[in-house]
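Novice: Residue-level listing of the chains:
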Amino acid sequence: MSLLTDDQKMLQETAASFLAEEGSIAKQLRHWRDIKCKDGFGHDLWKQFAELGLTGICIPESHGGMGMGATEAALVLEEIGRNLTPSPFLTTAVAAARAIEGTAHADRWYPGVLSGEAVLALAVDEGPRHAPECTALEAKRQGNGFVLNGAKQFVVQGGSADMIVTAARTAGSSGERDGITLFAVAKDAAGLTVDSQTLVDSSKAARLTFENVELDADAVIGEVDGGWQPLSRALAAGSAGAAAELVGVASGISTMTLDYLRQRKQFGRLIGEFQALQHRAAHLYSENEIARAAAFKAAQLLDSGDDTAELYVSVAKAKAAEVANLAVREGVQMHGGIGMTDEHDSGLFMKREAVLGELFGDVYYHRNRVAELSGY
Amino acid sequence: MPGLFGAGRRFRPRRPSNQGRDKGDHWLVNGQKVWTSYADKSDWIFCLVRTSTESKQGGISFLLFDMATPGVSTKPILLISGSSPFCETFFDDVKVPKEQIIGEVNKGWDVAKYLLGHEREMIAGMGLGTGGSSVTLGPITKPSDPLLRAEIAAFDVDALAFAAMSERFAAMWKAGEAHPASPSMMKYAGTELNKRRNELMMAAGGSDALEWDSEHSKGGATPRSWLRSKGNSIEGGTSEIQLNIVAKHILRLPGA
Chain U
18 MSLLTDDQKM LQETAASFLA EEGSIAKQLR HWRDIKCKDG FGHDLWKQFA
68 ELGLTGICIP ESHGGMGMGA TEAALVLEEI GRNLTPSPFL TTAVAAARAI
118 EGTAHADRWY PGVLSGEAVL ALAVDEGPRH APECTALEAK RQGNGFVLNG
168 AKQFVVQGGS ADMIVTAART AGSSGERDGI TLFAVAKDAA GLTVDSQTLV
218 DSSKAARLTF ENVELDADAV IGEVDGGWQP LSRALAAGSA GAAAELVGVA
268 SGISTMTLDY LRQRKQFGRL IGEFQALQHR AAHLYSENEI ARAAAFKAAQ
318 LLDSGDDTAE LYVSVAKAKA AEVANLAVRE GVQMHGGIGM TDEHDSGLFM
368 KREAVLGELF GDVYYHRNRV AELSGY
Chain B
516 MPGLFGAGRR FRPRRPSNQG RDKGDHWLVN GQKVWTSYAD KSDWIFCLVR
566 TSTESKQGGI SFLLFDMATP GVSTKPILLI SGSSPFCETF FDDVKVPKEQ
616 IIGEVNKGWD VAKYLLGHER EMIAGMGLGT GGSSVTLGPI TKPSDPLLRA
666 EIAAFDVDAL AFAAMSERFA AMWKAGEAHP ASPSMMKYAG TELNKRRNEL
716 MMAAGGSDAL EWDSEHSKGG ATPRSWLRSK GNSIEGGTSE IQLNIVAKHI
766 LRLPGA
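Top to bottom, those sequences are chains U and B. FYI, in the working numbering the residues of the first sequence are 18 to 393. FYI, in the working numbering the residues of the second sequence are 516 to 771.
Bound conformation, chain B alone:
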């Protein structure tokens, strides 16, 4: 499993703290990364390293190397959900063979941008429910409280409408008719929807949804998912960043 990459407190591949020095037949990598997905379980890692300091986005290269390479170590980060899908990853004089570069030297940002777009689309899809659960909440929660039923019905309208949007987005993307910044809109809407879904799952679950590790609660699946969902609108660019992108690139608002 290849690990993804990250640097800084939020996801900021633009300023990789890693340095990759050209040592003739290999790159010598030094530095550290944070929010590396599954680094402790990965066999290989895609890593953005700075190979030149001439410009901000230029000068970054995209390397691929074995996690067993001497000098690579990981430290899992425990999240509020109780799981550790991310790590801090340390690189101490790691030697990477010269040919293990993706794309051209100093052009790694192009590869990263492409992957980021994919990540946003993937995260946006979360609004539709994951792991085979249904798009709508009513059929699985069967709310008896009339006020909760009303909120869940309002959510289900939004979830089904977003499902239609996802279909339309996919068709437009395929046909080349989608605005290049539209994944930002999908990411924003999808992740906000998924957070709302989890809030309503907690409300519908009542005190059952508070149990953290019981068999009855399937190991606290509902509260763990609820807590994990809070990261959706942070990872891959926060909701606020996505709104900035929509305001600037789609709406062309001044000074955005």
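Excised from the complex, chain U in its bound form:
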């Protein structure tokens, strides 16, 4: 595994100072949550992402982007996770941007993503658990185009998205990878109902209903019946990105917890002096380091197009979710009573971990993928 290049370190520093300053919990997450904002994030901040060039990290240079990859996206996402910054970065600039890469839809949507005006979403799940090959939303040929019927859920930023990359079934049956087709569905498509929901972490995800939504043939992303390829590309980028964000979440809460162990006195002693807590903190440190290594390994393998990238993406997502879950549980417990209060930030980390852990497949989904990809 190679360590970060000087350019990557510079990007990391830029993202770290920008997000610590502008994307802080007080300025963003708590602010938008407390005023019950419709979109769950600040559009001004999204524009600032664009001004720094961050929205174009995964967009090719030929389209005006930075032409970088999963590794650079991971560096930004770790900082997003550390600050719990609400933004459409992961769904728009990483997952959806990868889904439309190399298609006509890239020409249509990349400029808006680059300027920080467009928000894109990805509609895959149809049940409460991630199962992309079980796509059943029906897309029937009609004249020159298609008509869509069915429902989607957990469409992150679905309510604020200008375009939703939607997985539908044009052939075969649920459980098969062949016969899935990706469509670019505009937010104002007739027959599409977008029901935006507030999740446990105050972020927004929508339930979508498609009732005879008519689309032209040019709404197809990639090949008809061959949607699995762009879909799996988007899901791999999204999972690797979510893993990196989880590493940031784990790191953010762990830093807070360690500070607390060094400050909080109980029974006349700093609680960090207790070996019962020291050993748990040291174990957590070890797990955080391992999760970060797995996340960067997955990103690097994706960027080099390695055969084992898919396996490592699942390793990274499973490991990062497991470790972030440990970090938030230990964080709340070690903070004691204050950790149970809304005033304190540790609960916010716990809520974010729950959503990110589920996004693009939970620990069990990805452990199962590791088993399948390893032939057992």
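Incorrect hints may have been included.
As the list claims (entries may be wrong) - Covered stretches of chain U, as calculated for chain B (at least 3 residues, CB under 8 angstroms):
| # | stretch |
| --- | --- |
| 1 | 191 to 200 |
| 2 | 277 to 288 |
| 3 | 295 to 303 |
| 4 | 368 to 376 |
What the hints contain is simulated information worked out from the structure, not anything from laboratory work. Glycine is no exception: its CB is placed at the ideal position from the N, C-alpha and C atoms.
Place chain B on chain U using the hints.
Specialist: For chain B alone, coordinates are given in the frame of chain U:
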């Protein structure tokens, strides 16, 4: 093959029970060591001896001498795994030529610390499987029981993640970016992982994994490896000691 060294019930080179007296042209070594690796099969031994009582860590010297020297004797220790990789080693008026010292007189602890770091890294590598076996368990155990498959898949995630960590650690160590105490974290994580690997090998093996010396079981390879692995988190500093080191030197927790 040179033997390693040890003194005390756990690995405690800080208090070598051996005394090395300066006798002009030679050191006169008296005392005993325990947990000496392969002492009964070694030609030479590296030995920490106390050459001064002025301070705890100072005053220790690092000697190298022939196991055939008169006064050296060994007694193998039989482990729960049935093998005897370690011995008790006795030194009775052993004469060691003066020039057979590694480093400076009374500065042997520096050499020992360096070797200990290496030992921790070596033991940490065990989490990745040894003897050409694969990092992951699923492909070799092919678990049919769904609950065991789930546990093995969870292990494989951890094993592959740790493999990534080992690569990253090696790259950082080489670049001088690793924390000097990070081998402790690697040793802790690697040895705990290896114990879990062996537990799952036993579970996957079922009653086959209980046979101790049959041909079918390759001489009880699985249970012997399982039992041997329990020492991983004891030798070279216990898991608890490694966690203390991480808490103190990396996390800077108070009073650690």
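Novice: Hints first: check each against the structure and report whether it holds.
Specialist: Evaluation of the provided hints:
1. 191 to 200: Violated: only 0 residues of the stretch 191 to 200 of chain U have a Cβ under 8 angstroms from chain B.
2. 277 to 288: With 4 residues closer than 8 angstroms to chain B, the stretch 277 to 288 of chain U meets the three-residue bar; holds.
3. 295 to 303: Coverage by chain B holds for the stretch 295 to 303 of chain U (7 residues, Cβ < 8 angstroms).
4. 368 to 376: violated (count 0)
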